[in-house]
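Colleague: Read top to bottom, the protein sequences are chains A and B.
Heads up, the first sequence is in the numbering used here, so the first residue is 1 and it goes up one at a time.
Heads up, the second sequence is in the numbering used here, so the first residue is 1 and it goes up one at a time.
Just so you know, the hints here were simulated from the structure itself, not pulled from any lab data.
Every value quoted in this text rests on a predicted model; they were computed, and no experiment measured them.
For each residue, glycine too, the CB sits at the ideal point set by N, CA and C.
A hint or two may mislead.
[As the list claims (entries may be wrong)] Simulated coverage check for chain B against chain A, where a stretch passes if three residues somewhere in it have a Cβ under 8 angstroms from a Cβ of chain A:
id, region
1, 13 to 25
2, 30 to 41
3, 158 to 168
4, 186 to 200
5, 255 to 268
[What the hints assert, rightly or not] Partner residues are not named here, just some residues of chain A that face chain B (Cβ under 10 angstroms, in silico):
id, residue
6, Glu35
7, Met46
8, His47
9, Tyr48
10, Phe53
11, Glu57
12, Glu116
13, His190
14, Phe255
Protein chains: 2
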Amino acid sequence: MESDVSDLPEGVSTSSEVSLDELQLSQRNHGMHLEGLRYDVTPAGMHYLLIHFDVPETDETDWLLSVGGLVRKPLELSMAGLRSRPSLTMPVTMECAGNGRARLSPRPISQPWITEAIGTADWTGTPLRPILEEAGIEDDAVELVFRGADHGIQGGVEQDYERSLSLENAMRDEVILAYAMNGEPLPPQHGSPLRLVVPGWYGMTSVKWLTAIEAVPEPFRGFQMEAYRARQEPDEEGEPVTRMAPRALLVPPGFPEFLTRSRIVDVGRHMLMGRAWSGWGPIERVDVSSDGGATWAEAAVGEAVSPYAWVPWTFWWDAAEPGAFELCCRATDAAGNSQPLEQPWNLHGFSNNMVQRVPVEVRSPADP
Amino acid sequence: MESDVSDLPEGVSTSSEVSLDELQLSQRNHGMHLEGLRYDVTPAGMHYLLIHFDVPETDETDWLLSVGGLVRKPLELSMAGLRSRPSLTMPVTMECAGNGRARLSPRPISQPWITEAIGTADWTGTPLRPILEEAGIEDDAVELVFRGADHGIQGGVEQDYERSLSLENAMRDEVILAYAMNGEPLPPQHGSPLRLVVPGWYGMTSVKWLTAIEAVPEPFRGFQMEAYRARQEPDEEGEPVTRMAPRALLVPPGFPEFLTRSRIVDVGRHMLMGRAWSGWGPIERVDVSSDGGATWAEAAVGEAVSPYAWVPWTFWWDAAEPGAFELCCRATDAAGNSQPLEQPWNLHGFSNNMVQRVPVEVRSPADP
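Just need the whole structure built from these sequences, with the hints factored in.
Modeller: Here it is in structure tokens:
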């Protein structure tokens with residue numbers, strides 16, 4: 001087996017078990033409890049979190065956002081100034097690009113997400129476009145680089161966390177500079193006092209602890225732009241990771257066993273419920289299976305609380321007989337994208353939207 | 001090696017790597033970011049969390065707490081009624097009894113905490129004693145059993161989460177029924193709408209989603225009472241896990257490497273800061289080492305924000321030369337308890353208060 005292992009690229013593991021380093025990341029960067037899918041808006045503190053370095057120590061009173069680079073009028077914006085501008089509040093569903101990574105084989109070594117790197121928050125902020133118009137982006141600018149205050153080393157590169165967007169994407173109406181989450185000032189771990197929120201995109205784009213926006217003449221090739229690309233081999237150019245692939249998740253029914261989180265429900269009809277979303281278009285349908293994906297039936301899909309938030313769905317499951325079942329759900333969006341039953345592999349484990357599988361034991365009421 | 005492994009009791013592992021089951025628990029039950037030690041009171045959502053089963057679906061408007069068993073006047077208390085009673089607000093430091101478990105060898109298989117299962121919240125609630133006095137505990141009652149709404153199977157036993165306290169401990173002034181955390185209604189994952197808070201004790205005692213208090217004539221031997229005992233062998237009676245052993249933790253200085261979380265600081269004097277607490281008495285001193293515990297120097301200990309909350313401490317570290325260092329800190333309480341350099345082992349991994357070790361690379365300013 002040694003030869004197989006030595007053929008593996010650096011940074012992946014053939015073990016399904018995770019190291020203390022990865023576990024340490026998992027203790028900091030938590031997921032959303034799947035039963036949290038019952039809420040339209042994820043309660044404070046339950047929303048998933050991914051922080052590359054440390055939560056920086058910040059102070060809203062002296063925070064300044066600089067807007068510079070290829071602009072006619074560089075700006076320095078205080079939090080008071082940002083709060084006095086027109087504001088927009090909207091529920092936005094956000095997912096980590098690495099959600100599902102821990103189920104890949106071989107397994108990319110990084111934050112070991114299973115299923116729970118999701119959340120929907122009610123973000124309040126000011127639209128970005130009027131700020132860019134005020135600064136006056138020069139004609140030779142092609143992208144904006146967003147810089148966060150979190151600082152560290154990744155892949156051997158010392159860096160502030162930085163990501164870019166094309167001008168076209170940055171100018172979209174729904175892109176905001178957010179200073180509140182669920183009606184409260186941003187918690188430190190979610191980017192206090194200011195962060196970018198880019199609805200429809202995986203979370204790495206929504207830079208937290210935002211200190212600077214810089215208009216640049218070339219596509220930005222900083223570390224985090226190179227890192228978030230789907231590739232099969234390390235030396236491959238790869239495809240940038242951008243919008244969220246469609247996904248449906250269900251609230252695991254019944255009650256759990258502590259260690260395995262496997263579910264027990266009684267014989268009978270059960271209303272299953274969950275949520276579905278896609279960054280590529282509205283959700284057109286959700287299908288549910290109770291036999292591990294062999295057969296499917298259509299769920300009832302409700303209304304989203306905003307164009308950028310998940311839709312609720314429900315499905316009556318008739319668990320008529322005791323036995324072992326595997327519940328699955330699958331979303332299809334208006335762009336025709338759906339979810340695979342088996343996960344295609346990529347080197348860093350991005351955009352893994354394989355259908356969720358929830359093993360359930362149905363028991364007769366007489367069982368202990 | 002097979003014979004060694006087969007001699008191990010059930011439920012422990014000789015591997016330092018954790019399974020997908022344990023990782024799944026870790027995604028739900030998150031720790032506090034260690035840089036969160038900079039805050040007197042842990043920001044909402046950053047406080048550690050341990051939920052044995054699911055976050056139950058609760059509704060404050062029809063919630064009733066029953067007080068029964070060996071009482072002269074059984075009570076049914078609504079949330080409006082509880083909120084109209086005298087209230088107490090106090091910062092309380094809480095730690096999971098299993099904190100540090102993942103570093104044991106062999107390693108007990110359960111929620112795989114490393115260091116971060118801590119937090120200090122500003123709890124608001126109504127004192128328990130007047131409620132017990134109103135109900136009139138009968139003379140033959142010896143304990144109170146507190147029942148939560150979370151339901152599941154653990155160790156093969158289907159159960160609501162239940163823990164007991166002796167009458168003496170339950171009657172202490174600082175024991176409250178809490179309905180607010182950091183000035184906001186309890187979040188669902190922290191016990192909404194009502195939980196017990198028992199300052200000084202490990203967190204398993206502070207039952208969340210509290211539905212019932214029952215006065216009983218015998219010491220309660222329910223599953224969670226048997227589970228939270230320190231023992232060496234499965235068939236041993238063991239010692240109940242109660243109050244928090246002393247612990248000091250420091251904010252890791254400098255900045256981190258993404259995957260390993262190891263630290264980099266520049267040559268120079270650095271103000272280290274952290275917190276310390278004990279359930280057995282006030283913190284008398286905190287010592288700091290930069291050579292992995294070979295030599296120690298005393299830190300400056302500040303004032304606690306409440307008798308039940310951690311104390312802040314600071315220490316000027318003179319990192320005069322580049323090189324590899326290991327920072328440690330060690331608390332000693334007024335009862336004479338301190339922290340071990342090597343962790344004594346117990347079967348389920350409780351009360352692990354070994355000193356924290358933070359590897360730091362000191363670099364000269366000229367380094368890249």
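Colleague: The structure should be examined with respect to each hint, and the outcome stated for every one.
Modeller: Going through the hints against the structure:
With 11 residues bearing a CB less than 8 angstroms from a CB of chain A, the region 13 to 25 of chain B meets the requirement of three and the coverage assertion stands. For the region 30 to 41 of chain B, the stated coverage by chain A is satisfied: 7 residues place a CB nearer than 8 angstroms to a CB of that chain, which reaches the threshold of 3. Counting residues of the region 158 to 168 of chain B whose CB lies closer than 8 angstroms to any CB of chain A gives 1, which falls below the minimum of 3, so the coverage claim is violated. For a cut-off of 8 angstroms, the count of residues in the region 186 to 200 of chain B with a CB near a CB of chain A stands at 4, and the three-residue condition holds.
Requiring three or more residues with a Cβ within less than 8 angstroms of a Cβ of chain A, the coverage given for the region 255 to 268 of chain B holds, as 8 such residues are present. For Glu35(A), the interface hint holds, since its Cβ comes within 10 angstroms of a Cβ in chain B; the closest pair sits about 5 angstroms apart. The restraint placing Met46(A) at the interface with chain B holds, with a minimum CB-CB distance near 6 angstroms, inside the 10 angstroms limit. Interface restraint check for His47(A): the shortest CB-CB distance to chain B comes to about 8 angstroms, inside 10 angstroms, so the restraint holds.
Here the hint on Tyr48(A) is kept, as its CB sits about 9 angstroms from the closest CB of chain B, short of 10 angstroms. Because the smallest distance between the Cβ of Phe53(A) and any Cβ of chain B comes to about 6 angstroms, under 10 angstroms, the interface hint for this residue holds. Look at Glu57(A): its Cβ gets to within about 6 angstroms of chain B, closer than 10 angstroms, so that hint holds up. A cut of 10 angstroms between beta carbons decides the hint on Glu116(A): the least distance to chain B is about 5 angstroms, and the hint holds.
At a threshold of 10 angstroms, the smallest CB-CB gap from His190(A) to chain B is about 8 angstroms, leaving the interface hint in force. With its C-beta approaching chain B no nearer than about 5 angstroms, Phe255(A) sits inside the 10 angstroms limit, and its interface hint holds.
Consistency with the previously given hints fails for number 3 only.
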